[in-house]
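K.L.:
Residues per chain, in single letters:
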Amino acid sequence: GAVVSQHPSRVICKSGTSVKIECRSLDFQATTMFWYRQFPKKSLMLMATSNEGSKATYEQGVEKDKFLINHASLTLSTLTVTSAHPEDSSFYICSATGTSGRRNGELFFGEGSRLTVL
Amino acid sequence: LAKTTQPISMDSYEGQEVNITCSHNNIATNDYITWYQQFPSQGPRFIIQGYKTKVTNEVASLFIPADRKSSTLSLPRVSLSDTAVYYCLVGGLGFQKLVFGTGTRLLVSP
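Protein sequences appear in the order of chains A and B. At position 106 of the first sequence the residue is numbered 106 (my numbering), and the sequence of numbers has no breaks. At position 103 of the second sequence the residue is numbered 103 (my numbering), and the sequence of numbers has no breaks.
This is chain B alone, in the form it adopts within the complex:
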């Protein structure tokens, strides 16, 4: 199982772009990278998933370099409601035995 490393916490202000980087040096060929968001007392919520290069959806972008040993979640123009914990996970589709890392606690201030 590929282990992930993320910053423990990040601070930002409303309207700013936030980039959270995750390291996964031993990612396997078949592994995908998925980011989840978790609010207090709720289950994790899917944000975005990618395999290589760049993926964009209505809420975020995911940048993955060619060596795939890291990935960066980009949240454009964050709001107070984006205050949450963000987890980066690595695994094959079907996600057998996903293991969560520490996650990044993002605090967005006015």
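Chain A with its partners taken away, still in its complex shape:
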């Protein structure tokens, strides 16, 4: 079964609104989570790396004020797309790695969240 869960799986919003996507590690403590963005028929593009309790590290070209990432606990990271516009429509995927038991060092991906901005 899934060890990393994303919610919502699909979201449609109006332009100008903000949308929050949650990424949860279900049975391990995720010390590090990664957020990716994927356009149709393209590869995953790393947006940012977040470590629990500290500020996220964003990749070059990714607006940190646009894509707010919070990793306040060892089981939850959130990505908030602020003032969303149609060009923000994409498939967002999180992944997590931790240091707990047999999950130590393994990387697990969430199911992805499809955002459509009208």
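Rather than coming from a laboratory, the hints here were simulated on the basis of the structure. There could be a bad hint or two in this list.
[Stated by the list, open to error] Some chain B residues well away from chain A (every beta-carbon gap over 12 Å; in silico):
#	residue
1	Val-18
2	Thr-21
3	Tyr-36
4	Lys-52
5	Lys-54
6	Ser-61
7	Pro-65
8	Asp-82
9	Val-99
[Claimed, not checked] The calculated BS3-like cross-link candidates involving lysine-lysine, where the alpha carbons are at most 27 Å apart (straight line), are:
#	chain 1	residue 1	chain 2	residue 2
10	A	Lys-42	A	Lys-66
11	B	Lys-52	A	Lys-64
12	B	Lys-69	A	Lys-42
13	B	Lys-52	B	Lys-3
14	B	Lys-52	A	Lys-41
15	B	Lys-3	A	Lys-42
16	A	Lys-64	A	Lys-14
The C-beta atom is built at its ideal place from N, Cα and C for all residues, glycine as well.
Following the hints, put chain B in place on chain A, whose structure we already have.
P.N.:
Below, chain B alone, put in the same frame as chain A:
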């Protein structure tokens, strides 16, 4: 970060063996090689991981030559449900900052 190069696409038929090769010329000593499978609108799914020589699990085999500058994912007797994109990634355990390459789009036909 070791960059990977894979064929953009491959075609096969049901029941055939498929081998997808990935080049990673600047792989580091501590790097492992991991392959993921991705279906449309889903997150990547782990297939297999190895460091050197050969690794086999219930779904695939991974062949890594001695110089580790490439690796080959082998899928035995593919079915229609194996149609997906396959990514080869290289990195240390803990996978800090994994970067995805283009992936290989495998199409399995009847």
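K.L.:
Compute the least Cβ-Cβ separation between B:Lys-54 and chain A, then decide whether it is above 12 Å.
P.N.:
The claim stands: B:Lys-54 keeps its Cβ more than 12 Å from every Cβ of chain A (closest is about 21 Å).
K.L.:
Checking a non-interface call: every C-beta of chain A should be farther than 12 Å from the C-beta of B:Val-99. Is that right?
P.N.:
Answer for B:Val-99: violated, closest chain A Cβ roughly 6 Å.
K.L.:
Should the label of B:Val-18 as a non-interface residue stand, given a Cβ cut-off of 12 Å to chain A?
P.N.:
20 Å, holds
K.L.:
If I take the minimum Cβ distance from B:Lys-52 to any residue of chain A, is it greater than 12 Å?
P.N.:
Holds, since 18 Å exceeds 12 Å.
K.L.:
Please confirm whether B:Ser-61 is truly not at the interface, meaning its C-beta sits more than 12 Å away from all C-beta atoms of chain A.
P.N.:
Answer for B:Ser-61: holds, closest chain A Cβ roughly 20 Å.
K.L.:
Say whether it holds or is violated: B:Asp-82 keeps its Cβ farther than 12 Å from all Cβ of chain A.
P.N.:
18 Å, holds
K.L.:
Verify the proposed pairing of A:Lys-42 with A:Lys-66, using a straight-line Cα cut of 27 Å.
P.N.:
22 Å, holds
K.L.:
B:Thr-21 clear of chain A by more than 12 Å, beta carbon to beta carbon?
P.N.:
Holds, because the least Cβ-Cβ distance between B:Thr-21 and chain A comes to about 17 Å, which exceeds 12 Å.
K.L.:
Do the alpha carbons of B:Lys-69 and A:Lys-42 lie within 27 Å of each other, as the hint requires?
P.N.:
Holds. B:Lys-69 to A:Lys-42 sits at ~25 Å (cutoff 27 Å).
K.L.:
Are the Cα atoms of B:Lys-52 and A:Lys-64 separated by 27 Å or less?
P.N.:
39 Å, violated
K.L.:
Sort out whether A:Lys-14 lies within 27 Å of A:Lys-64, counting only the CA atoms.
P.N.:
Given pair A:Lys-64, A:Lys-14 holds - Cα atoms ~21 Å apart, limit 27 Å.
K.L.:
Please check whether the beta-carbon of B:Tyr-36 is more than 12 Å away from every beta-carbon in chain A.
P.N.:
8 Å, violated
Going through the hint list in order, the structure does not satisfy hints 3, 9, 11 and 14.
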